[in-house]
Amino acid sequence: MKHKLYSKISIILLSLGLILTCGPLIFMLITAFTSQEALTSTPPRYGVFSLENFKMLLGAGHILRWALNSFLVASAITIAQTVFNSLAAFGFSVGKFKGRESLFMVLLAAMMVPGQIVMLPLFLFMAKWGLVDSLWSVILPSMAAPFGIYMIRQYMDSIPVQMCEAARIDGASEFQLYSDIYFPLSKPILATSAIFTFITEWNAFLWPLVTLNSEKYYTLSVGLSTLQDQQAMDYGLLMAGATLSAVPMVIIFLFFSKYMLEGMRKGAIQ
Amino acid sequence: MNKKRICLVLFILVIILFKYGIATALAEACNDDKISIKIWDFPRWLENEKSLDRFSWISRKIKEFEQLHPEVKVELTRLTWQRGYEKLKIAAISGNYPDIAPGTVPLLFIKEDLIEPIDEYLTDEDKKDYFQGALNAFKVKGKIYGWPWYMGGQLLYINKEIFASAGVELPTNGRWTISEFEEKLQKLKKYMADKPANFPLGIYFQKDETANFPFLQAFGGEIITEDGKFAGSNPEFIKGIEWIKHLIDEKLIPADSGGKTANDIWTAFGVNHRIGVAAIGLWGIKALESKFKMDFQVVHFPTEDSSKTSHSYIGTSGLYVFKNKDKNRVKLAMELAKFLTNAENQKDLVKYTQFPTRAATGNIYASNPHMSAAWKILQEGCSVFPDSRWPQIDEEFEANIQRILLGELPVKEGMEKTGENINRFLSLENGSICNDIRESSLFAKSIAIISILAFIFALASRQTHLIMIIPAVTLIGLFLFYPLSDALLLAFRNYKIGEVGGATLENFIRAFNDPKFVKACWNTLIYTLIVVPANTLTALVIASMIYGMKGKIKSFFRAAYYLPGVASVVVLTMVWRYMFNTELGLFNTVLTSLGFEPVGWLTNPSIAFWSVMISGIIKSPGGAMLIYLAAMGNIPTSLYESADLDGAGPIKKWWYITVPLLKNTTTFLLITGTISALQVFAQVMMLTDGGPGISTQVVVYRVYTSAFRDFDFGLSSAMALILFIAIMVITLIQKKLTNQEAEYLA
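Line by line, the protein sequences give chains A and B. The first sequence: position 41 = 41 (the numbering used here), numbered continuously. The second sequence: position 89 = 89 (the numbering used here), numbered continuously.
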């Protein structure tokens with residue numbers, strides 16, 4: 001009885017909170033589906049339904065190519081990070097070698113660097129190796145991330161050591177420990193960190209803009225930005241573009257969230 | 001292991017697509033022995049209203065040029081207005097510039113000796129044909145550094161509908177004196193008395209915006225004299241400021257005019273028709289004619305008396321050519337730039353509503369009365385102080401004008417102080433930095449070598465754990481520590497002319513002498529202290545509530561709370577800006593309908609930073625929530641079951657089991673939250689741009705502007721290093737404190 005009351009209260013509170021956090025998103029959707037004319041009239045008439053903005057965007061031609069580029073970049077980075085970050089996290093969590101903690105602290109320090117300061121020297125470095133203006137220039141610098149390593153290690157530290165020892169007695173190699181025990185058990189955090197990475201890279205703007213020159217390599221966020229005028233912002237188009245780029249994210253999130261739930265149940269059983 | 005197979009397929013897919021991409025790129029590179037010319041351009045006008053391609057004109061013209069010169073292949077790079085200039089600057093300073101780039105006279109690049117003067121390629125005929133003002137705009141120390149393409153400027157616009165309904169006559173011949181101007185505004189005010197949020201005039205002072213300077217200069221003052229002295233504290237200029245303060249007292253302009261942005265005023269004037277008179281760029285004519293349908297007129301800025309000329313600000317844009325060892329390439333680039341800006345092609349500027357720079361183009365606006373009037377007005381115009389340090393001067397000047405108008409500074413002392421700061425910039429002549437930056441330092445190189453040596457060593461050591469760590473460490477070493485060490489060493493370099501090189505602490509002294517940086521430090525600290533705990537707490541509470549649910553409701557809430565996190569920060573911030581708008585925003589509409597006074601969310605200097613923090617707090621708790629949820633899955637259910645047996649309620653269970661067991665996660669989130677909050681940047685950049693005054697400056701904003709706007713990499717790196725050390729110290733303290741607590745709990 002009491003439990004039901006609590007869950008009802010939480011549902012009400014959570015719904016109220018949703019209005020706050022989803023407000024901007026709803027506004028984005030409404031603007032995206034409003035015709036240009038209704039948006040520029042005084043006062044703007046929101047909610048006059050129209051697909052005009054989307055038709056214009058999809059007629060711009062290269063939008064699919066840009067989306068494909070974004071997808072390639074974001075998925076390549078996500079896959080690379082999942083592999084490299086989890087490997088490193090496992091090494092830091094289980095391994096016992098000299099200087100482990102100090103090396104870890106150095107990696108943490110990398111998180112404390114504002115990305116803006118590294119931009120110019122990194123660009124120089126990429127240019128020297130002839131990597132500018134290719135998708136590699138966007139992928140390579142993000143293939144491993146200190147934040148991901150930190151996050152996954154934090155989770156792996158909570159996996160009981162006894163499991164390791166038992167497996168070692170059964171003759172498992174260290175790599176098997178990683179691939180058969182730690183990797184599957186860390187699925188919830190790996191999924192979480194994969195979603196993070198994918199969304200961040202999908203929305204990334206400044207670095208792809210700086211390093212890509214040919215239109216055929218533009219990512220979605222850079223490409224959409226070439227459609228904007230200097231002064232009079234076209235909010236309808238902007239929001240439609242944002243909606244289009246958010247849709248794949250929503251789909252991917254829904255796919256991954258099932259995966260996370262699965263991992264969580266397993267986590268609860270152990 | 002179905003998922004594994006999916007991953008494998010994905011991975012192969014990626015590799016195939018890349019191979020394909022690289023192969024085509026190589027094929028393109030090999031099949032070509034043509035001379036390739038690189039041109040970068042910004043999005044321009046739409047040739048066809050149904051398409052969104054803002055590059056169709058230049059693409060067509062490039063094809064025409066390629067037909068005339070079959071040996072040439074032109075590569076066009078499409079820039080974006082948003083941060084496009086940063087891309088250009090990074091390319092230029094790193095030596096990866098195109099052959100041709102667009103813009104106003106590139107003073108910074110000229111100082112770095114990157115631009116080829118066009119004098120050699122300019123015939124006497126051309127010289128006579130160009131308007132003198134246009135050529136002068138590209139003249140630096142006797143040489144001309146670009147092909148002038150189009151001219152624009154800032155104009156005063158009148159909403160004729162409002163004037164007519166208020167029964168106010170338009171200024172005769174578009175000219176008015178200050179007293180006539182004020183008189184007409186007073187009449188408009190009477191007419192608007194019963195209309196909330198309507199004003200006779202709207203003004204704004206914002207970085208890079210010169211539109212309203214003519215009001216300050218109405219009594220004959222100027223900001224910087226021709227010989228480069230600050231003149232803002234001269235009596236004529238002070239009189240101009242006091243007159244604007246008088247307009248505020250008379251309620252002819254909003255009380256928070258000091259905090260208004262160009263966007264606010266454009267929305268109020270052009271979109272919502274709530275302002276009678278406003279200063280906007282030339283682009284406004286086209287927007288008001290075609291999209292926002294208004295009956296308007298462009299007029300002169302008011303002058304002290306009818307004999308004086310008005311001072312609209314004009315600007316000239318053109319195409320400039322970068323230096324290249326290959327003289328033939330330079331020659332072809334010059335020809336292309338000249339071709340794109342020739343009289344025939346300038347006729348197409350009609351669609352851009354900018355003025356041609358060559359007399360031979362003829363009067364392309366004969367049929368447009370607004371443009372013809374604008375042309376006459378701009379004839380009397382003036383330009384900003386032509387110096388590569390103008391952006392710094394401008395930032396300081398506009399911030400202090402904002403503060404004076406908002407009542408934060410007294411007029412006279414405020415301007416005197418501004419003068420002191422500006423004279424400090426003017427006395428500091430920085431030397432060239434390009435060549436120095438292109439060479440990476442010995443320290444940085446050794447980091448790269450260490451990364452690679454570590455890789456080899458780990459492989460040789462046959463320690464499985466080390467080998468597992470090494471790919472990530474090598475990647476981070478190469479792509480983060482190597483460039484970082486390069487950047488940070490600049491903090492100790494001296495770039496004054498004549499004494500390049502050598503270790504110095506001067507950059508740090510300069511950083512702390514700048515009131516903007518000191519303010520930025522405080523703001524960043526306050527932001528972190530408030531936003532991080534708030535965010536972590538909301539994430540914990542929401543995650544706990546969601547975790548307690550079952551089935552579909554659980555999945556729904558988890559997805560719904562995470563969803564807003566998928567939209568880009570740019571879009572979310574834009575919505576926030578709209579909601580914070582003083583006159584039309586959602587918050588003030590609600591407040592006024594409840595009978596409260598409207599709040600200047602982003603225009604009041606004592607509130608603006610709180611608004612920034614609100615936008616940092618009310619957002620999707622996404623990431624942190626998911627991490628909490630993942631961690632809660634690891635809490636053994638047996639603990640809760642035994643608590644149930646003891647008869648503990650949900651809140652008790654939460655407080656005594658969930659919260660303490662999530663300690664590690666909370667520490668993790670607090671630390672990572674602090675690290676990213678201390679680097680807050682995007683919201684400030686998009687919501688307030690550091691203003692009004694200097695009230696919302698943050699550290700990374702200073703780091704960013706001094707590097708990519710001013711090319712002052714020494715100062716920028718010094719500030720970044722200070723931030724880096726601060727983050728490190730705060731994180732260590734945090735870690736220590738939470739560890740102590742954990743021991744106590746145990």
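There could be a bad hint or two in this list.
To be verified - Taking lysine-lysine pairs in the BS3-like style, the calculated list, with each CA pair at most 27 Å apart, reads:
#	chain 1	residue 1	chain 2	residue 2
1	A	55	B	351
2	B	291	B	127
3	B	325	A	128
4	A	216	B	127
5	A	4	B	550
6	B	63	A	216
7	B	239	B	229
8	A	128	B	73
9	B	141	A	8
10	B	34	A	128
11	B	89	B	239
Note that these hints are calculated values from the structure, not bench results.
- Does residue 128 (chain A) lie within 27 Å of residue 34 (chain B) when you go C-alpha to C-alpha? holds (24 Å)
- Message: Check the hint pairing residue 141 (chain B) with residue 8 (chain A) against an upper bound of 27 Å on the C-alpha distance.
- Response: Violated. Residue 141 (chain B) to residue 8 (chain A) sits at ~76 Å, over the 27 Å cutoff.
- residue 216 (chain A) and residue 127 (chain B): Cα distance at most 27 Å? Answer violated: residue 216 (chain A) to residue 127 (chain B) is near 39 Å, above 27 Å.
- Message: Need the status of pair residue 63 (chain B), residue 216 (chain A): alpha-carbon distance at most 27 Å?
- Response: holds (18 Å)
- Query: Is the hinted pair residue 128 (chain A) and residue 73 (chain B) satisfied, with a Cα-Cα distance of at most 27 Å?
  - Reply: Holds. Residue 128 (chain A) to residue 73 (chain B) sits at ~24 Å (cutoff 27 Å).
- Can the restraint linking residue 4 (chain A) and residue 550 (chain B) be considered satisfied, given a maximum Cα separation of 27 Å? With Cα atoms ~12 Å apart, residue 4 (chain A) and residue 550 (chain B) stay inside 27 Å; holds.
- Item | Satisfaction of hint between residue 127 (chain B) and residue 291 (chain B), Cα-Cα up to 27 Å | Violated, at about 38 Å.
- Taking 27 Å as the top limit, are the C-alpha atoms of residue 325 (chain B) and residue 128 (chain A) close enough? holds (18 Å)
- Item | Given pair status - residue 229 (chain B), residue 239 (chain B), alpha carbons within 27 Å | holds (19 Å)
- Query: Is residue 55 (chain A) within 27 Å of residue 351 (chain B), Cα to Cα?
  - Reply: holds (24 Å)
- Message: residue 89 (chain B) and residue 239 (chain B) were given as a pair; does the straight-line alpha-carbon distance stay at or below 27 Å?
- Response: violated (39 Å)
Going through the hint list in order, the structure does not satisfy hints 2, 4, 9 and 11.
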